[in-house]
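Residue numbers (the working numbering), protein chains in the order written: chain A, 1 to 465; chain B, 1001 to 1098.
Note that these hints are calculated values from the structure, not bench results.
Do not rely on the hints blindly, as some may be mistaken.
Calculated pairs, SDA-like style, for lysine to any residue (alpha carbon to alpha carbon, straight line, at most 20 angstroms) [as the list claims (entries may be wrong)]: (1) B/1085 to A/202; (2) A/202 to A/157; (3) B/1056 to A/58.
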Amino acid sequence: MHGFYRWSSKWWPGVIPLALLWALAAWNSTQPLEADLAARSNQALKSTILDKTRISVAGRDVSFAAEAFSEEGRRSAVASLEATPGVRLVNDETRLVAEAKPFVWVAERDNVRVTLWGTAPLPASKARIMEAARTALSGTEVSDRMGMARGAPVRFDAAALLLVDQIAKLKEGKIVLSDTGVSLSGMARDLGGREAIAAALKNLPEGFVVVSNEVRAPPYIFQANKDPVAVTLTLSGYVPDNNSHAALAAAAGRKFGNEKIVDNLKASIGAPSGFTAAVTSALGALSRLSTGTLVVSDREIKLSGDALYEAAAGQIRAGLARELPLGWTTKPEISVKPAAAPVDATVCQQLFAQNLTKGRIRFESSSASINADSTGLLDRLVETAMRCPSTNVEIVGHTDRTGAEEFNQELSEKRAQAVADYLIKAGLPADRFTAVGYGSALPIAPNDTDEGKAQNRRIEFVVRQ
Amino acid sequence: MVDLAMFLWGWLLGAFLLGLGMGWIAVVRRGKTVSRALAQKLAALTVALIGVSLAKLLPGRFGYWLDLGLALFAFYLVGCAIGSKLRDWVVSRAAKVA
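Please build the complete structure, drawing on both the sequences and the hints.
What follows is the structure, encoded as structure tokens:
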């Protein structure tokens, strides 16, 4: 023991190189040690649920800042860091995530994207909601602006996931979940979407209630476009059911004898009342236009295009407003087609014949009143007559052989006169037209079939110099 | 602590070898010695530094450097003790033989 004491009194010179070694060790090992401890600390926190985690290491001391979702989670995170091998001290700067009162979560959709904002209770719920949104809204941008807070109602995730599915059914709008109350506003994407959303909301988890549902149905749209170049009438949009579809297609066929009808109509619920009657009237007005577009949106009718002559434009504007069912409004934007170039008598005769071959002037049964379906054809005849102002025109009426000859004679004269009156009312001089009737005396087809009789009931235009 | 020793083993080994060499030389060296009073003061200082280290009074890097210095010093002392003991054993055996 004495020897040890004597030796140790001579150990001191080694302390000088030891101090150098100490300085070298401190210089070289500090940063690697800190990096190693930072990696170990992150590893230790891997399984804990935290937000805004920040770890910095100085020497063997770890400064740990994070937001925890519960007091237990916070304590266990600090404890697991303290238990990390090599760590000397943990400077605990953790705190709890703020509590949201009320707990509000919002899904908002505009034309471009869906934005999710407000608060979610945990990173996992946030990820699940985003995942569900991306699946439900594939092809639409989903923007995540959700923060996190404590205080979510129970079964929040289930409710939010159900509401994410509903935002997919909106064209634009907003769904707000405030504590357990759900408010919806906006416009449904499809007809029937509003009803589908209302039905889905019945499956909200227990405890959640719908505070307000102001989702509007999209407008009920019907469109018809008359294209004089392609000689087509294109129908698109919705009709209430197959019966109305058939009725409207038939009406279009009668009113547009000239045009090929392209029918892209789809049946859907949600039509306003009086839809079929209003659209039939509007189609009649469209048939009188040279080129035009008809857009029916809910109870508003927008008709735009060119009338064949000035008087027709006025008649169409006034007539449409008069014929519509109660509650319907109309927005006619009718201009007048520039007058076509004059033609000589021969061409005029050809044009009359062409028009009357493609379509026939129809009258009410056994009567001289002109059927409304024929106004489009009559307007084209007026336009033709305007192109040869120096000619006189004989309007000739014929009937089939059904009924008494005297009656038919008189009917043919009256029908010819009705047509002449139409032309005069359109602004043509009365002295250019002579109405003549031949009864059933000059048939062009046998009178023993319905088809033949229909051909014999006709009006002819004969141009005289 | 074991992890830390594994991390710093090279430096600790260096301190130990330095101590071993110094202990080996000290047995036969004639030179200045540390007086008893100074030795006691140094021992008291060391104990105080160990106290500071255990109480974790120095923060961050300074705390680490203190721990590191104390660990190196401890390995140095152990090395010195073993070195002196070995030299003493070798010297006394040689004397017996002579």
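Going through the hints against the structure:
1. The straight-line distance between the Cα atoms of residue 1085 of chain B and residue 202 of chain A is roughly 89 angstroms, outside the 20 angstroms bound, and the hint therefore fails.
2. For the suggested pair residue 202 of chain A and residue 157 of chain A, the alpha carbons sit about 16 angstroms apart, so the restraint of at most 20 angstroms is met.
3. Pair hint residue 1056 of chain B plus residue 58 of chain A holds up; C-alpha atoms about 14 angstroms apart against a cutoff of 20 angstroms.
In summary, the one numbered hint that this structure violates is 1.
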